[in-house]
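Participant: Sequence:
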Amino acid sequence: MSRFRTPLKNARGLGTAKTGTEHFVHQRLTATALVFLGIWFVWFVLSLVGSDYLTAADAVSRPWNAILLVGFLAASFWHAQLGLQVVLEDYIHNSLAALALQVSVKFIAVLGAIVSIFAVARIALAG
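Position 94 of the sequence shown, counting from 1, maps to 94 under the working numbering, and the rest follow consecutively.
Treat the hints as calculated values from the structure; they're not laboratory data.
Ideal Cβ placement from N, Cα and C applies to all residues, glycine included.
Honestly, I wouldn't trust all of these hints.
Stated by the list, open to error - Cβ-Cβ distance ranges computed for the label pairs, FRET-style:
no., residue 1, residue 2, range
1, V45, K106, 25 to 31 angstroms
2, G38, T6, 42 to 48 angstroms
3, K9, V103, 31 to 37 angstroms
4, V87, E22, 29 to 35 angstroms
Assemble the whole structure, with the sequences as input and the hints as a guide.
Facilitator: Spelled out as structure tokens, the structure:
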């Protein structure tokens, strides 16, 4: 009897697909931002090779460098969290372990972003 069912009828009741597009778009936006910010970051780091601490701190304290560095850090942590979320959803099938890992990944990503952005702000505002 199931051979008369349409693909839509077979798919009903298997879960919602309302947030997949939003997640996909966020992942692509952060990836695109990271392409440009990553190029800037590599150039920025290479320009500081051989510099002492005071020169590097002075470079980070320049407004545009601080803003771009904060953008790079925020996009990096957000993109990493989104990517790890997909990996965990695909490969962790125990619901309690999946929940614990998802919460841990989000917590670590937020904490890492806050700490690193605070460090940039402290350097930028002190110089």
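Participant: Does each hint fit the structure? Answer for all of them.
Facilitator: Hint check results:
1. V45 - K106: 25 to 31 angstroms: Once the Cβ atoms are compared, 28 angstroms apart, the range 25 to 31 angstroms for K106 and V45 holds.
2. G38 - T6: 42 to 48 angstroms: Holds, since G38 and T6 (Cβ atoms, about 45 angstroms apart) stay within the stated range.
3. K9 - V103: 31 to 37 angstroms: Roughly 35 angstroms apart at Cβ, these two residues keep to the hinted range, so it holds.
4. V87 - E22: 29 to 35 angstroms: 18 angstroms, violated
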